[in-house]
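**Student:** Each chain, written out:
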Amino acid sequence: MGTQVKVQNKIWRRWWPYLIVILGGLLVFGVAHDDSLYQTPILKIQSVNRISQSKQSDQFHNEDEQVEQKLNGIITNGSDKGQKLSVENTYMKSEATTLGYHAGQKVFLTVHHNHGKLSATVSNLKRDTTLAFTVWLTISLLLVLMRFSGLMALTSVIVNAVLFWLAINWNTNTQGGIVLVIFGALAVVFAALTLLIVIGPNRQMLMTLLATIGGTALSIIVALIVFALTHERGVYYESMQYVTQLPRPLFLAETILGSLGAVMDESTDIISSLIALKIEKPDISAKQIFKSGRQIGGEIMGPLVNVLFFIFVADTLPLGLLYLKNANSWGYTFNMTMSLGVVQSLISGIGIVLTIPLACGITSLMMGGWKSWARLRR
Amino acid sequence: MGTITALGLLLLVCMVAVGGTQGLQAWLSLIFNFGALFFAMVLMAFHFSPVLVTLITGIIVLAMTIFLGGSDSDSTMVAFYASVVVLILLVILIIPIEHWAQIQGFGQEDSEDLEGMSTVLGISYLNVAISTAILSTLGAIAEAAIAIAAGLAEILEQHPKITLKNLQGAGFRVGKQIIGTTFNTLFFGFFGGFLALFIWFAGVHYSMGEILNDKILVSEILMVLFSMISVIGTIPLTTWAMVTFEREKRRRLSKSKQE
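Sequences listed follow chains H and E, in order.
Residue numbers for the first sequence follow my numbering, so the first one is 1 and each next one is one higher.
Residue numbers for the second sequence follow my numbering, so the first one is 1 and each next one is one higher.
Be a bit skeptical, because a hint or two may be false.
[Unchecked claim] Below are the SDA-like pairs computed for lysine to any residue, each with C-alpha atoms no more than 20 Å apart in a straight line: (1) E:Lys176 x H:Lys44; (2) H:Lys287 x E:Gly20; (3) H:Lys44 x E:Asp110; (4) H:Lys287 x E:Ile59; (5) E:Lys176 x H:Ser273; (6) H:Lys291 x E:His159; (7) H:Lys278 x H:Met366; (8) H:Lys281 x E:Leu156; (9) E:Lys176 x H:Lys291; (10) H:Lys291 x E:Leu24; (11) E:Lys176 x H:Trp16; (12) H:Lys281 x E:His159; (13) H:Lys291 x E:Val13; (14) H:Lys44 x E:His99; (15) H:Lys44 x H:Trp15; (16) E:Lys176 x H:Leu137; (17) E:Lys176 x H:Arg147; (18) E:Lys176 x H:Leu193; (19) H:Lys291 x E:Ala17; (20) H:Lys291 x E:Glu154; (21) E:Lys176 x H:Ser272; (22) H:Lys281 x H:Lys291; (23) E:Lys176 x H:Ile158; (24) E:Lys165 x H:Arg147; (25) E:Lys176 x H:Trp15; (26) H:Lys81 x H:His61; (27) E:Lys176 x H:Thr138; (28) E:Lys176 x H:Thr155.
In case anyone wonders, no lab produced these hints; they're calculated from the structure.
Kindly generate the complete structure, drawing on both the sequences and the hints.
**Tutor:** This is how it looks when you write it as structure tokens:
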């Protein structure tokens, strides 16, 4: 009996990631056929005819082509299920605000019943299958290659996503009045939970948490001082996208959350290396701990700042191009599209750098300073 | 002085104070990457092929970030080669998925920004979307490649006679250490940046179905996922590159000993 259980355990331990991959694959297949879950009518496009094509130009001498197409398909859900329908769609070839569709795609419709006759316009493309497929691909790669550590990384991301969503609803319920309080407190909870999952409940986790919170808070304080001294010249809150509440606190909340992960990443790296060093060489002095920590930190800060820079600024590319094609100057384009992302990157960068001495100081105080404590432990 | 200049100078001072020459290099790589990104955008506005511009910019950015970031010359070289391979594989993955998802351009949530703008552009926004996705992963690829290569270089330094098989195992171990925290860097980086959009969704009471098919949200989540995939892919690829490099080095060494 005992050996049988052991063998089963061994098989389970070897093959569980593949089991999740297969289950996930089935789920993606399900999402591809989930039309009946939607209340909005969905059209499966079976064929497309091009009706007309005409050249367009604007006052900036940009040239484009406008295409009119007829999408013939069949409705796949709701009360009109099975009904054949043709829908007209007009799009610009550059597809910045309009889209061209092709056979095989599914689109959401806005249907109008007109004296028993059905007419409709396309409102959106059905993208949930693509999303599910890419999520599945990521999770599969993560679990197959990284196994247990991958599972832990995934768990922390899921937990954080749920918390994030709860906080957003709380923010909505309070009309955005206390956005900084909510997301500032949330940052502390995020950091504590993530570090608990990644490191486990011990002293190392506590030290890392202290360094993370301290570093993030310091960067925001420094940013506020610089803002006050420079009167926020060149910070264009009006260029913030999707704003439904007061932009300035929202911007600060975004910055806190945005830099939190990188600061956490860095303090984890520094503190775990320093603890490993302390175990290897128990006689190392507090000063030496501080010095090696500074060296480790110095090596990782550059790449980390660049990670955030590309995340914050790369997605302004489409809007930036639009500004440039509308004959705006480089300076104005930068101000209206990239400047806030750059400010965020710089504030996060300052946080990332300031975390280094903080993490080293905390470690050398708690590990190196109290020689008597170390002796007692032995 | 403008706020951006002040913050930039302050960052320089902090970086140099903490990291010395390395701090200066880190600051320069950030400035350079900004220049590269802006220049790439201007080239696209002049109708150069967005994907081609992005590939070339990407390779230059990886080189600058890795060579200005790392210290050991052998391991940085390996990190660079591995990161270029990851970049190319990622492009091969991104192109079909972006064609499938059609998230190019602007969504209905952007309409306020687009007021008074001409959308007769003559640039394929599908290619722009592909470029955006590729560019947003560059930092993550560089960081993971440096972390793995530097970790393995240190192991090689301490145990110069480690077997290649153990070296490979060590690479995956370093990878397992960084994956949890790197994922959170990416998660918070992206979700922090798009806090306003999520607040919009909650405020306007989007249904689950509307959110999961929304152009902007899907494009944003795809970017997070591409970055995560690039980090997952960088771990084995950098490890293999490092092992191959070490194998060649040992072969050369034993050959020269025989002679």
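**Student:** Hint by hint, say whether it matches the structure.
**Tutor:** Hints and how they fare:
| no. | hint | verdict |
| --- | --- | --- |
| 1 | E:Lys176 x H:Lys44 | 43 Å, violated |
| 2 | H:Lys287 x E:Gly20 | 18 Å, holds |
| 3 | H:Lys44 x E:Asp110 | 27 Å, violated |
| 4 | H:Lys287 x E:Ile59 | 40 Å, violated |
| 5 | E:Lys176 x H:Ser273 | 15 Å, holds |
| 6 | H:Lys291 x E:His159 | 23 Å, violated |
| 7 | H:Lys278 x H:Met366 | 11 Å, holds |
| 8 | H:Lys281 x E:Leu156 | 19 Å, holds |
| 9 | E:Lys176 x H:Lys291 | 26 Å, violated |
| 10 | H:Lys291 x E:Leu24 | 18 Å, holds |
| 11 | E:Lys176 x H:Trp16 | 18 Å, holds |
| 12 | H:Lys281 x E:His159 | 17 Å, holds |
| 13 | H:Lys291 x E:Val13 | 19 Å, holds |
| 14 | H:Lys44 x E:His99 | 17 Å, holds |
| 15 | H:Lys44 x H:Trp15 | 38 Å, violated |
| 16 | E:Lys176 x H:Leu137 | 19 Å, holds |
| 17 | E:Lys176 x H:Arg147 | 9 Å, holds |
| 18 | E:Lys176 x H:Leu193 | 19 Å, holds |
| 19 | H:Lys291 x E:Ala17 | 13 Å, holds |
| 20 | H:Lys291 x E:Glu154 | 17 Å, holds |
| 21 | E:Lys176 x H:Ser272 | 14 Å, holds |
| 22 | H:Lys281 x H:Lys291 | 14 Å, holds |
| 23 | E:Lys176 x H:Ile158 | 18 Å, holds |
| 24 | E:Lys165 x H:Arg147 | 19 Å, holds |
| 25 | E:Lys176 x H:Trp15 | 19 Å, holds |
| 26 | H:Lys81 x H:His61 | 46 Å, violated |
| 27 | E:Lys176 x H:Thr138 | 16 Å, holds |
| 28 | E:Lys176 x H:Thr155 | 14 Å, holds |
The structure fails hints 1, 3, 4, 6, 9, 15 and 26 (numbered hints given earlier, in ascending order).
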